[in-house]
Amino acid sequence: MQYSKDGLLRAYRRMATIRQFEERLHEEIAKGEIPGFTHLYAGQEAAAVGVCEHLDSDDMIVSTHRGHGHCIAKGCDVDGMMKEIYGSREGLCKGRGGSMHIADTSIGMLGANGIVGAGAPQAVGAAIAAKAAGKGKVAIAFSGDGACNQGTTFEAMNMAAVIKVPAIFVFENNHYSEHTGDAYAVGTALDIASRAEAFGMRAWRANGCDFYSTFEAMAELLDYVRSTNLPAAIELDTERFYGHFEGDPQRYRAKGEVARLREERDALKSFRASAVTKTYLSTDELDALDAAVGEEIDRAVEAARKAERPDPSHVLEDVYASY
Amino acid sequence: MQYSKDGLLRAYRRMATIRQFEERLHEEIAKGEIPGFTHLYAGQEAAAVGVCEHLDSDDMIVSTHRGHGHCIAKGCDVDGMMKEIYGSREGLCKGRGGSMHIADTSIGMLGANGIVGAGAPQAVGAAIAAKAAGKGKVAIAFSGDGACNQGTTFEAMNMAAVIKVPAIFVFENNHYSEHTGDAYAVGTALDIASRAEAFGMRAWRANGCDFYSTFEAMAELLDYVRSTNLPAAIELDTERFYGHFEGDPQRYRAKGEVARLREERDALKSFRASAVTKTYLSTDELDALDAAVGEEIDRAVEAARKAERPDPSHVLEDVYASY
Amino acid sequence: MSVMNIREAINQTLHDAMERDPSVILLGEDVAGGAGTAGGQEAIGGIWGTSTGLIGKFGPDRVIDTPISESAIVGAAAGAALAGMRPVAELMFADFIGVCGDQLINQIAKFRYMFGGKARCPVVVRLIYGAGMNSAAQHSQAFYNLLTAIPGLKVAMPSTPADAKGLLNEALHGDDPVMFFEHKALYGKKGEVPEGDYRVPFGHVRMAREGGDVTIVAFGRMVSFAEKAADKLAEDGIGCDIIDPRTTSPLDEEAILDSVEQTGRLVVVDECPPRCGLAADVTALVAQKAFTSLDAPPECVTAPHTPVPFSPELERAYVPGPPAIEAAVRRTLDWG
Amino acid sequence: MSVMNIREAINQTLHDAMERDPSVILLGEDVAGGAGTAGGQEAIGGIWGTSTGLIGKFGPDRVIDTPISESAIVGAAAGAALAGMRPVAELMFADFIGVCGDQLINQIAKFRYMFGGKARCPVVVRLIYGAGMNSAAQHSQAFYNLLTAIPGLKVAMPSTPADAKGLLNEALHGDDPVMFFEHKALYGKKGEVPEGDYRVPFGHVRMAREGGDVTIVAFGRMVSFAEKAADKLAEDGIGCDIIDPRTTSPLDEEAILDSVEQTGRLVVVDECPPRCGLAADVTALVAQKAFTSLDAPPECVTAPHTPVPFSPELERAYVPGPPAIEAAVRRTLDWG
Ligand SMILES: Cc1ncc(C[n+]2csc(CCOP(=O)(O)OP(=O)(O)O)c2C)c(N)n1
Ligand SMILES: Cc1ncc(C[n+]2csc(CCOP(=O)(O)OP(=O)(O)O)c2C)c(N)n1
Ligand SMILES: [Mg+2]
Ligand SMILES: [Mg+2]
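Chains A, B, C and D supply the protein sequences, listed in that same order. In terms of the working numbering, the first sequence is numbered consecutively and its last residue is 364. In terms of the working numbering, the second sequence is numbered consecutively and its last residue is 364. In terms of the working numbering, the third sequence is numbered consecutively and its last residue is 446. In terms of the working numbering, the fourth sequence is numbered consecutively and its last residue is 446.
None of these hints come from the bench; they were simulated from the model. These numbers come from a predicted model, not from an experiment. Ideal placement from N, C-alpha and C gives every residue a C-beta, glycine not left out. Among the clues, some could well be false.
What the hints assert, rightly or not - Reference listing, derived: stretches of chain C covered by chain A, where coverage requires no fewer than 3 residues with Cβ under 8 Å from a Cβ of chain A:
id : region
1  : 180-189
2  : 193-200
3  : 258-266
4  : 278-291
5  : 392-399
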């Protein structure tokens, strides 16, 4: 596959932004700066970015409780996200949503979701809209290995196949749903992608810790979906580097597991390695991006700290458009 | 497979009872004798009987809105059923359930159900109990081709595979869910049984208009499930001879479809044909059974007509065991 | 004005909306019917007769027959709405809200608020509800109480053909999710219906009758039962205000309070069981805000705290009827 | 008697029940945790710490970690109960009742009645609920109102460790389905807990305090807020009856009416939004049955009609607190 330098730099920057966003949250949460409970996306960057780099703002995604990566990859404003996570009035959702409920429908980010499995049917509906618009647009549902056991996910796949709409089911298999392993909780004979195939749709498989692998599989998949308006699925083998939520003691992990994953399955490392060997990009360029992202995240945290807090009276706003 | 004469006579009698029960209801409903709306099982007799002839009262089944056949096959009292359908106080459920909600937990009939897809998870729970009892017992969920699209059905199959319990998913594919064809509503690539396989369980396929075919496939399946305590599935290709509910104008049918089905796919006819050629049974014996069943149904209708009606005050009974 | 029944009023409103606005789509089980069959889709016209003729005019991309997957139906409606459409999702029976409850109570209801007021989710869910046809415990429930309890959902339940058109049309113009309850026993009810783009704003009662002695607040099918009771009472010279709230969320509190301030007597009639229902809701409203006006204890006429029974004798005992309403009215008048 | 917190009281009660009765099983997501992982199941002990130690003692056939499939969890519990077991199903968050609503409201709730009184379905569903931890709109709801509305379900919500044990134990002995609500912000609350087979019968309030001037009925976590408000009011010589109903279905109507008959004043405090909730339910009860006793309009202190917001400032404004309760009490006293 041919890559443009700009495209690769953009993809790297997005992945680095996700990584640094999450690493920084990890620190700030430990300090007690951030309310609520937060699910970090670090480790899965290649999945979100490998998928979303193919999209524009008319394509739509629905996300999960672990949604920061999807939001950043789809182009949500990083400042606005940080402010939202801090619970500020200036946040993307005025501080009413928080980490689990970030959305920006104006750029096709239809929402992170705290209910596991709720997003997949919504992507089918968005795909109805995409098909009606008639411009080869698609709607994507991100789901985890845990969410692939929720009835709604199955219904959504079946319905997408039946009504023939361009819905794409991206399964990020990070091998855990909370504290339970996919080896236990997913009864599937083969893999998650094979479930999608049982519903009569084509499915792909890729390495969700490797940008190139995900990006290339998605290129094929999207060619197929955009040209047929039929649904499809992809299973991405990926890893999460932190606990299920911040504060999770992770007693379910093997000894040294995270260290090994960070060594062997780091999407940024592997991107750097191939990017440099493939000579498109130099280490310096990537270092410069890392630094730029670092400053962006610093500024975002600074801004979020200082941002306006909600007033108690705001609690009553926006329940209805009109009442 | 070896059949005993007694066994075959019993099976025939059960199938004939279902058929005559339903044909008679069809007549009585047309007269306006019976309240509510009723889904007749005629045409699918070989499915219910081919499955349930293997069971005893420690094995459990959960049924559907089209449950009369399952009830009769599992051994529910035919008089009690008729009275229930007539809404009598003497009915199996005191007239509070009606056609869609017949149950007799004392013989392992855990209930017909008006909610499509609600039964499958309940069979998983019954299978937990069956496994705990440790006597090789099983729990069976009957589902239709429509119900196989409900999220609960998928969840149930996955959970049964994950927690390893002797739950059996019997899919009676009669090719319609209400007014919609399975050719449209089931997105599955292959068949319904293949969905079960995608969840990691073994699946069988049989002719649900032929007693021998269903019975023999179930024999194999039950051997497997009783000895492993693992779940399994079977898809039965079958037909319904009446409308979705009584009163359905059936405009979705092809011209002459029902006549053809009654000619080519009648489980009682095909049973007679093979039974007689295989010389186990004589036409006379089967005719005698038909007549006996006819009298039984006459008596049941007579009794139901005369049975005690509920008193308005009974409405408040049995909501709780204690309050 | 033309005379039609509620079924026809809903059908006409759907036709008009789909004609007017290409973003209106309809989805549900057998909303057309006949997909994948020899008979074909135009032969059927939906289970309830409310979607007759739509598939022929607007085709299967806009009139979408679905598999039996209520969560996916309502979820797809939610997603399509977030993506800019105006989906109408049909739940064949309101009893099925349990099957798709999350999409109703945690998704559609919350998007606007949770996403900072920017997301818009104008889904109309049509729920066919109510007892009276011996359909037993799982096909007879009203359940509008459960959805009225949920902030973010609007809830409407017309009792006349004009309101069926006006409220549904209003829902199809608004930007909020609307739970639209259609009583199966009212589909055949006839009445005059205004022509054209007729709308009934939410949160405004219909005064079904003015009588001045007692205030009866009745929901959905209960309105006609209240009218029957009031006819009887009129023979004894007792005049009833009968208030049909039409929407329970928003609720027109003022109109109810105004009437009670005049009559001093309140009877609330609700097809749901008594606990945490609308009878209690309206009674509590009046107890709090028209305390001094009440001349007698308020009366709640509701179904009993039981599932809906099958047998006709039992179902008749279950559904609140004119005699129970009449008796309650008399109790408020005889009190003291 | 020994002192423990609510988490420990629940854990102990589950241990005792599983020891005593082999038909008691526990199922839910991560009720043990660690299945299919290197860490193994004994390492975790459940998400909430309420099932610690169970898997080690009773093994994976009785402490069943499930996939994320709430309908199948509650449905399996229903089926196991029909088949003679006593399943305890855990819903990690009460917010998830929408995902498994049908099994709760159309299945478990109705079997006994619908099947003629013979079927028995003693499922205990444990629902972890409530706001106060900035968990936003989909992980903070109380929702006991929705289940109280359903005939056939019993609903309990302890606010002390003793009641947590006594009510859960009672549920595990009964033959009815029980929705057992555990407030996440109360898990750490300590108190004395009786030893042995201690049971608290359903439908009997706990008089948390007797004061005689005003009746406060408060649910779950709201009891402690009512106590705080009452402490403040006591400084001004105002004495509050604080009633903790402990079960909302059945509800101990008599105890509430008795108190109001003495005090003439009612304040109901409920963590749910106002519409069709328990505040309205209790207010309507009192308005109907203690009409002449009321000396002032009843007061409902509830959450607002909005989803639960994320931001701490907003969530604090959302949850009814002691100041709002105090103000409501004063309004009832200043009235007239
Ligand atoms: C309906 C529902 N059930 C349970 C939960 C609690 N929960 C939140 S995340 C999660 C695990 C999800 O696993 P997976 O889909 O693999 O996503 P991951 O956390 O690995 O990103 C669970 C059980 C929930 N939020 N919603
Ligand atoms: C959850 C739910 N959705 C819809 C219905 C309405 N309904 C009753 S039977 C039925 C069709 C069921 O089809 P299938 O499973 O094939 O069973 P069959 O009627 O063919 O026996 C439908 C849609 C229902 N009862 N429950
Ligand atoms: Mg995962
Ligand atoms: Mg069928």
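- request: Against the structure, test the hints numbered earlier, and report the numbers of the ones violated in rising order.
  value: 5
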